[in-house]
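Visitor: Take a look at the letters that make up each chain.
Number of protein chains: 2
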Amino acid sequence: MKVVINGYGVFVGVKNGVVSIRNGEGEKQIPPGNLRQIAIASGGVAVSSSFLRLASENGIDVIVLNSNGSLSGIFRPILKKANVKVRKEQYKAQNDERGIFLAKCFVKGKIMNQYYLLKSLSKNRKQKLDECYELKIIAENVEKCTSQQELIQIEAKAAEMYWRGISNFYDIDRRRKRYDDPDAINMALNYGYSILMSQVMLAVDSTNLDPFAGFLHNENPRRPALVVDLMEEFRQQVVDRAVFKVNPEEKNGFLTKDARKEIIAEIKRRLETKVTFNNRKLPLEYHIYLQARRIERFLLGKEKYNPFILR
Amino acid sequence: MKVVINGYGVFVGVKNGVVSIRNGEGEKQIPPGNLRQIAIASGGVAVSSSFLRLASENGIDVIVLNSNGSLSGIFRPILKKANVKVRKEQYKAQNDERGIFLAKCFVKGKIMNQYYLLKSLSKNRKQKLDECYELKIIAENVEKCTSQQELIQIEAKAAEMYWRGISNFYDIDRRRKRYDDPDAINMALNYGYSILMSQVMLAVDSTNLDPFAGFLHNENPRRPALVVDLMEEFRQQVVDRAVFKVNPEEKNGFLTKDARKEIIAEIKRRLETKVTFNNRKLPLEYHIYLQARRIERFLLGKEKYNPFILR
Chain V
1 MKVVINGYGV FVGVKNGVVS IRNGEGEKQI PPGNLRQIAI ASGGVAVSSS FLRLASENGI
61 DVIVLNSNGS LSGIFRPILK KANVKVRKEQ YKAQNDERGI FLAKCFVKGK IMNQYYLLKS
121 LSKNRKQKLD ECYELKIIAE NVEKCTSQQE LIQIEAKAAE MYWRGISNFY DIDRRRKRYD
181 DPDAINMALN YGYSILMSQV MLAVDSTNLD PFAGFLHNEN PRRPALVVDL MEEFRQQVVD
241 RAVFKVNPEE KNGFLTKDAR KEIIAEIKRR LETKVTFNNR KLPLEYHIYL QARRIERFLL
301 GKEKYNPFIL R
Chain X
1 MKVVINGYGV FVGVKNGVVS IRNGEGEKQI PPGNLRQIAI ASGGVAVSSS FLRLASENGI
61 DVIVLNSNGS LSGIFRPILK KANVKVRKEQ YKAQNDERGI FLAKCFVKGK IMNQYYLLKS
121 LSKNRKQKLD ECYELKIIAE NVEKCTSQQE LIQIEAKAAE MYWRGISNFY DIDRRRKRYD
181 DPDAINMALN YGYSILMSQV MLAVDSTNLD PFAGFLHNEN PRRPALVVDL MEEFRQQVVD
241 RAVFKVNPEE KNGFLTKDAR KEIIAEIKRR LETKVTFNNR KLPLEYHIYL QARRIERFLL
301 GKEKYNPFIL R
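Order-wise, the sequence lines are chains V and X.
Residue 223 in this note's numbering sits at position 223 of the first sequence, and the numbers go up by one each step.
Residue 211 in this note's numbering sits at position 211 of the second sequence, and the numbers go up by one each step.
By construction, these hints were calculated from the structure, which means they are not laboratory data.
Some hints here could point you the wrong way.
Derived CB-CB ranges, DEER-like [claimed, not checked]:
(1) V:Pro31 to X:Lys123: 54 to 60 angstroms
(2) X:Ser167 to V:Pro77: 52 to 58 angstroms
(3) X:Ile30 to V:Pro77: 25 to 31 angstroms
(4) V:Ile30 to X:Ser167: 46 to 52 angstroms
(5) V:Lys2 to X:Asn95: 23 to 29 angstroms
(6) V:Asp171 to X:Glu303: 55 to 61 angstroms
On a predicted model such as this, the values are computed, not experimentally measured, just so you know.
Even for Gly, the Cβ is constructed at its ideal location relative to N, Cα and C.
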């Protein structure tokens, strides 16, 4: 069971060995064995040290979110159990054919998701889009790539095509990339990607993988390359679709408060939407966890890996 | 600045962007930039979600301790910055001469600390101890070892000699190793080692090293081998000395409450004691951090490594 706590004046403590969540109106008691995660989504919540100790003993992740829904921090035992073997395979794979295979999957997943998103937009509005079919051709060329470098070039080409296609529907110019650029859709996308990043981080963190050792993106002590890699498969499905639906507004170079609220709500809705991938119908959020797990199993030679693509 | 919070009814929150620690009697305000760590050492302390967010933004570690002073958990951003290069060197070193060199240091450090502890006991009581000189000879043989296996054997031989020597002073039989064995000194040592382990964990965690990839101890997903490795250099200096000083009592197979309190207090005193190693006079606790950092720098070819030994 996962619990989200939102609201001022909530206190999380322990009563007779049971987790007690109470506010002025009432109390909810949950046996610790039934809890996997408590997410604290607002200010004005207090947690007791006894609860934190109990959470640690029972493997309950206590997550604190920022006001935009992105991850602020997590409380847990200092060293989570770790299987060093997985990380060793991951580092080896960076230099063998498995690494380039995964990098191709991430790029192919992204481009195909761009293709399907553009296709659905053009269908709904009865427009035929050249960019859409171009994207499909680019996606097919991913197979021929033999290096990270080529993949990054092909990704850039696809991105250009995608945003050209999108600009037929929305007033957007992806060349203006700064967060503070007064382009509401752009700002909303970057806002959304930071929320998605938290989700992908939690997923990668639930495995034994090293989040900083990537296959498509270069290593950087400040950027978890593998998280950024895996994000590629989910950008369009989780964030772009949500942002285009909301059609956000900005004021004086900032997204309006309403726009931010709507984006968070819409992304949350997307994450909770059940979709079918690999023959399993599950909330999109779960598929993120499964993809991270599949990277791990692929590196151990236990499972095939396919990029997450939704029509 | 590090703050330890101990006592019921303490609330840690945020007021005007400043950390506020208050109880019924008063309030202490600390700018977040001045704080590096808050350790919560008792039950009955509450922290607000706003404080946790502030801590995360400002890189303040929020640590929760168990009643015995060992680490329960830590709150912080999910992914600490990581230098993958260090871990890659660490894994490589497991199979080259650097690994066996470090393993030798850990064993040599432990045996020499056993030697000096035994020597000081025998001097104080004007007893001459054969075991003491045997230990020195064993320590000299460490140099000749060429495998982990040999080192583990030599460590066992030294341990036997050490405990035989110690038993001249204290009623102890290290063959009875179970935690619940009604041997007060034995129980106290194991109790103390669990506290030391938390300290070494924090030290290793402050580096880019993988705590689960060791050089002396074998890999195990449930035991951080590198932490157990580095602990060897500090067991006698931090725990054994403290326990022998306290001379703890047990009752019905448990350490008495007073004994536990005294052990925690004495270990804390040891950790705070300034000692000179590598030409630096610092609290023993800091030397643990420095040794972890030195393993990292040694693996990167930037510094020599010497075991932590105190006369």
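Visitor: For every hint, state whether the structure bears it out.
Guide: Here is how each hint holds up against the structure:
Pro31 (chain V) and Lys123 (chain X) have their C-beta atoms about 57 angstroms apart, which keeps the hinted 54 to 60 angstroms range intact. Taking 52 to 58 angstroms as the suggested C-beta distance range, the pair Ser167 (chain X) and Pro77 (chain V) does not conform, at roughly 36 angstroms. The hint said 25 to 31 angstroms for the Cβ distance between Ile30 (chain X) and Pro77 (chain V), and at roughly 26 angstroms that hint holds. Here the CB-CB span from Ile30 (chain V) to Ser167 (chain X) is close to 50 angstroms, well matched to the stated 46 to 52 angstroms.
At roughly 42 angstroms, the beta carbons of Lys2 (chain V) and Asn95 (chain X) sit outside the given window of 23 to 29 angstroms. Between Asp171 (chain V) and Glu303 (chain X), the C-beta spacing of about 56 angstroms keeps the proposed range 55 to 61 angstroms intact.
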